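Chemist: Assembling the complex is the task here: the two chains are given apart, and the hints tell you how they should meet.
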Amino acid sequence: MNPGPTTPAFSRRQFLRDGLRLSAVAGAAGLAGAMAGRTQAQTTVWQIDPAKCVRCGNCATKCVLEQSAVKCVHAFDICGYCQLCTGYFEPEPNELTTAAENQQCPTAAIKRTFVEDPYYEYEIDENLCIGCAKCVEGCTRFGNGSLYLQIRHDRCLNCNECAIARTCPGDAFRRVPVTHPYLLKTDTH
Amino acid sequence: MRRLRPSLWLFLLATSGAVAAEHRFPPPEFEAGHKLPITTTPEARALAWQYVDLAVLLGALGLALWLIYRRRSRRGVMWLSIFSLGYFGFYRNGCICAIGTIQNLALGIFDRSYALPLTVLGFFLAPLVVALFGGRAFCAAVCPHGALQDLVLVKPVKVPGWLEHSLGLVPFLFLGAGAAFAATGSAFIICRYDPFVPLFRLSGSMSLIGLGAAFVLVGLFVGRPYCRFLCPYGALLRLAGLVSKWRVRVTPDYCTQCKLCEHACPYGAMREPVAAPTHPEPPARQRRRLAWLLLVLPLAVGGGALVGRQLAPLAARMHPTVALAELYTEHLSSPKKFPPMTPEALSLERAEADPKALLAAAADLRGRFGIASTWFGAWVGLVIVIKLIALSLRPARTDYEPDRGACVACARCFESCPNERVRRGLLPPEALPPRPLPAAPVAMKKA
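Here the protein sequences come in this chain order: A and B. Reading the first sequence from the start, the letters are residues 1 to 189 in the working numbering. Reading the second sequence from the start, the letters are residues 1 to 447 in the working numbering.
Excised from the complex, chain B in its bound form (with noise of 0.2 angstroms):
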């Protein structure tokens, strides 16, 4: 082919079909020993470099619990957290983390075809295993996103009861939603819709990146906002806590129950001390509400069930089959126009080639969102059954101490107590208040 003339071009613009019908032209003869270039295809990151994140995650987990409890040094997990957002976060570009691990390890679960790295499975185990027995150490200092956030909080303000409690729920149904959605292998919405991995890429949509920005903005005067009221693995590492171990402990010797503490602790999980009622409410009082509760729990479940069985088809709308198979008998009823070689028309193309197989998917993609999203709406009636139940029991507490779940560890409450500053020698012990006489037997019992 020496020179295309333009109205072959057209000729062949004419007659070429949607069907390419390659190798057109014969390859070339070169006379000189012209010698071809060999297409090139870099490798990806070598496989080798996982071991090592999984080693620096393992290592910064261990100096995390180390300053925690052994140096109860605010600067040490500080100084942590910086390196942790540095690595993880702006290295790795936020990608591996451990809270998209959930939905691997989901997807992992119901499709036996999918491959679920080790690197995977230790990030999702790894900080799980360390909250039961030493509290939330990931939180306080390796995870890239609770660094960021913890690093440009410059004014906190106490967020009121009632929000704290409602907007604490949200990463418990997000955990559910990421994990329905990540077992019908249709979405990681954990991923799609995380805040903070776009500014460690310093790259992604507008709207994201935005997200990203209000979070940080919003951080600067709220602690956390991304770990308390949407992270779905700090909802984990919350129930890991309640049952942990080790707990972080402010005093290390008595309460003098300054409140100082209180005032430190920029993310609402300290709790003061429940001094016993002037008139205890009669116990039958309490059982009949909790056996309310518990007869609520399985109709709030069994309701929540129903209502998510409903929801099934809009949710499967997630799925890009599901939702091509839509587009296509909207189109079969109602013909679609969409311009030639847009992203739409090559679809509804792709559709039209064979109707049946895509059809054929969508309906057994709706067959798993039905169940999985009955799942979900079971566990959103659960989980706000748990909250309420959580409500009514009433705590013994005769001292200031943090919130198992809600402490993320970060070491700020520890310079606040006096008593912790005696132990450094910063205060003279006589500077000290007495300690407080036992509480009265009445409140320590329980009803």
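Bound conformation, chain A alone (with noise of 0.2 angstroms):
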């Protein structure tokens, strides 16, 4: 005598039960085949386009990541190689020494080396770049526009909505295809 454990074995809410569980299945599976010619599109990653960036320093500040997945890379076939390079050095520098207060780089990630004379070679350490553009910015004003801004897909998280493309006032963040995930600078002279 025992009684069933709320409702007698088929009843009109179970019915209902039934008919939305199915229904909602069926609503699944029209979902997937919908969507399922999309999964066949590539799969993007965010990427900053240097000809819009405006070097704001938002990128240093912005990421969700402690060290901001953007950094600065160097076209070195661009480069001119100057000795007075105005992307390393602080405007009317005391001397074109490797001096911290001679430096645009607020955490001295250009290394700078000497190739031949006139020449000099910059690279950057990306452990220690932050994304300021300091550097950007004097490159791209006064120089050749070598050093620019790209987001490292090595440390990227790749998320749903990029929380420096929100806030850049150049529109520079967009999507692109995970086969190409740069926008790099190529030597047009």
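The hints are simulated quantities; they were obtained by calculation from the structure and are not laboratory data. Check before you lean on any hint, since a few could be wrong.
What the hints assert, rightly or not - Below, computed lysine to aspartate or glutamate pairings styled on DMTMM-like, alpha-carbon distance capped at 20 angstroms:
| no. | chain 1 | residue 1 | chain 2 | residue 2 |
| --- | --- | --- | --- | --- |
| 1 | B | Lys259 | B | Glu415 |
| 2 | A | Lys52 | B | Glu349 |
| 3 | A | Lys62 | B | Glu344 |
| 4 | B | Lys35 | A | Glu121 |
| 5 | A | Lys134 | B | Glu344 |
| 6 | B | Lys35 | B | Asp53 |
| 7 | B | Lys35 | A | Glu116 |
| 8 | B | Lys35 | A | Asp154 |
| 9 | B | Lys245 | A | Asp18 |
| 10 | B | Lys35 | A | Asp77 |
| 11 | A | Lys52 | B | Glu344 |
| 12 | B | Lys259 | B | Glu430 |
| 13 | A | Lys62 | A | Asp187 |
| 14 | A | Lys52 | B | Asp354 |
| 15 | B | Lys356 | B | Glu330 |
| 16 | B | Lys35 | A | Glu123 |
| 17 | B | Lys356 | A | Asp171 |
| 18 | B | Lys259 | B | Glu272 |
| 19 | A | Lys134 | B | Glu430 |
| 20 | A | Lys52 | B | Glu272 |
| 21 | B | Lys35 | A | Asp117 |
Treat the numbers as computed from the prediction; the structure is a model and nothing was measured.
Modeler: Right under this line is the structure:
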């Protein structure tokens, strides 16, 4: 004489439940079918268009990562190898040495090495670079524009909504196919 | 360029315009044959890994179902939670998660150019389909958010019914808002205000980490505050759970009416038996109440839609393009001064470069927001009235049983049940109270 758990073996409630479940499953299947074609589309990742970057400095602070995934990269084939690099040195430096007070970079992330007279090579240490774009501003405004910002995909989390993109004053962020994840500057000499 | 004198630099400073004319200096001509280094381009995480994530999700869901229904093991569910917290939480940084995929799907439906990876579709559908058949197994042990809150719970307090019911509406509203903002392509608010992902990443803005810490602190005493009162995906799974084929049953045999499972459930999901009222309400009054509510339903939906439409301009400001267009029009009427090179000044500069395109884009977006927030308003009205209808229905229950929607299948109640303890051999069968007499038929019949 044990009564059923709540209801008789087949009740109106259960009928309703079965019907709703069936339609939900059908809906899910329909959604999967409608969207299946879209899964073939190229997966995308965020990238900065260097032509639109306005070097505002947001990249250093707005990334959800403690250390921004945006770093300065160097197009060596565009670089003039200047002795007085306007990306490396403060405007009107005391002297052209690697002393910290002469440098634009707040973290000394640019390594300056002598190649041959009068050329110097500049390399970015990505572990130090914070993506503040101070060097990019110097190089773009007065130099060849060989220093520029890119999202480094070994660091980027590829958020649904890039926190830097949301605040980018130049509207320079866009999604690019994962097969071509960088928007590199190339030599046009 | 051997040595640029400061004076020459000053000259350059004065002459260089805002437009960057690059390639000012010729490339070097090395005599010693110096080779140029190559700009490195580190690859993103290999795509193959996303299939690993999907496989782990499906495996964990299957394991969760097995642990809940076959093993009925709280310990097993807890260990699976710890694994999920480690893998989906701290290893994968809480990203990819099923909660956020609602937005990808909403954007994918309205923006045909938006790529929707297979993993995203899988993460949206798999837990939902599982919930349609076996309840919220995803919440139980697979979701890292749920796992974190489940594991930090030390002293659960009971949330009063009125608070539980009213806060329980929030996930549905958040679901609607998240889908509306994503569908307009303006923001992923579910991801943006996620309280736990910054904890998983161990980095983020102070306010978000504070929010996460607050949820954890509240979660010490209130079971799963995020899951119950905010999670939009939980709202979907709750609906799926309501119509699920199988459900969590506390007792393997009969209910001894001992109330122990109700005390064991930290999430207020256990429902007590409803005795037949001594003075039953006349059916006519019940019918009249339902008729009233059904009459109110279209009014609430329509009213909500109207209010939503009014709020559209406010919501549209979430989109950076609309925000910039408003700043620009404000700037036209009362010129604004920002220090040079600040993000505000630079974005205003961009607006001034091509105001027509910007204003046109903003107008288009405002139109989309008008539609989206009308729908959102209607959704709010619908959710509230359906909640009222649900509250007005008289449930029929003779035993203690978990609510289909609210139960997250954490498996805590199983061990509390004396009948389950007999089944496991922890209690002699004689210790059980006798089977209760069947309830009076009047309590079973529906009016």
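Chemist: Next, verify each hint and record whether it holds.
Modeler: Going through the hints against the structure:
For the proposed pair Lys259(B) and Glu415(B), the alpha carbon gap of about 13 angstroms is at most 20 angstroms, so the pair holds. A distance of roughly 12 angstroms separates the Cα atoms of Lys52(A) and Glu349(B); the hinted pair therefore holds under the 20 angstroms criterion. Between Lys62(A) and Glu344(B) the alpha-carbon distance is near 14 angstroms, which keeps this suggested pair within the 20 angstroms criterion. About 11 angstroms separates the Cα atoms of Lys35(B) and Glu121(A), which keeps this hinted pair within 20 angstroms; it holds.
With a C-alpha separation of about 17 angstroms, the suggested pair Lys134(A) and Glu344(B) falls inside the 20 angstroms cut-off, and the hint holds. Our distance criterion of 20 angstroms between C-alpha atoms is broken by Lys35(B) and Asp53(B), whose separation comes to about 42 angstroms. For the given pair, Lys35(B) sits about 12 angstroms from Glu116(A) by alpha-carbon distance, which is consistent with the 20 angstroms threshold. About 26 angstroms separates the Cα atoms of Lys35(B) and Asp154(A), which puts this hinted pair outside 20 angstroms; it is violated.
Restraint check: the Cα-Cα separation between Lys245(B) and Asp18(A) comes to about 8 angstroms, which is no more than 20 angstroms; the hinted pair holds. Restraint check for Lys35(B) and Asp77(A): satisfied, since their Cα atoms lie roughly 10 angstroms apart, inside the 20 angstroms limit. Using a Cα cut-off of 20 angstroms, the hinted pair Lys52(A) and Glu344(B) holds, with the two alpha carbons roughly 16 angstroms apart. Annotation: proposed proximity of Lys259(B) to Glu430(B) holds, straight-line Cα distance about 19 angstroms (limit 20 angstroms).
Simply put, Lys62(A) and Asp187(A) have alpha-carbon atoms about 30 angstroms apart, too far for the 20 angstroms limit, and the pair is violated. Between Lys52(A) and Asp354(B) the alpha-carbon distance is near 14 angstroms, which keeps this suggested pair within the 20 angstroms criterion. With a C-alpha separation of about 15 angstroms, the suggested pairing of Lys356(B) with Glu330(B) holds against the 20 angstroms cut-off. Only pairs whose Cα atoms come within 20 angstroms are accepted, and Lys35(B) paired with Glu123(A) is accepted, the gap being roughly 14 angstroms.
For the hint linking Lys356(B) to Asp171(A), the alpha-carbon distance of about 16 angstroms falls within 20 angstroms, and the restraint holds. Of the supplied pair hints, the one linking Lys259(B) and Glu272(B) holds, its CA atoms being roughly 8 angstroms apart against a limit of 20 angstroms. Of the supplied pair hints, the one linking Lys134(A) and Glu430(B) is violated, its CA atoms being roughly 80 angstroms apart against a limit of 20 angstroms. Pair hint Lys52(A) plus Glu272(B) does not hold up; C-alpha atoms about 63 angstroms apart against a cutoff of 20 angstroms.
Of the supplied pair hints, the one linking Lys35(B) and Asp117(A) holds, its CA atoms being roughly 15 angstroms apart against a limit of 20 angstroms.
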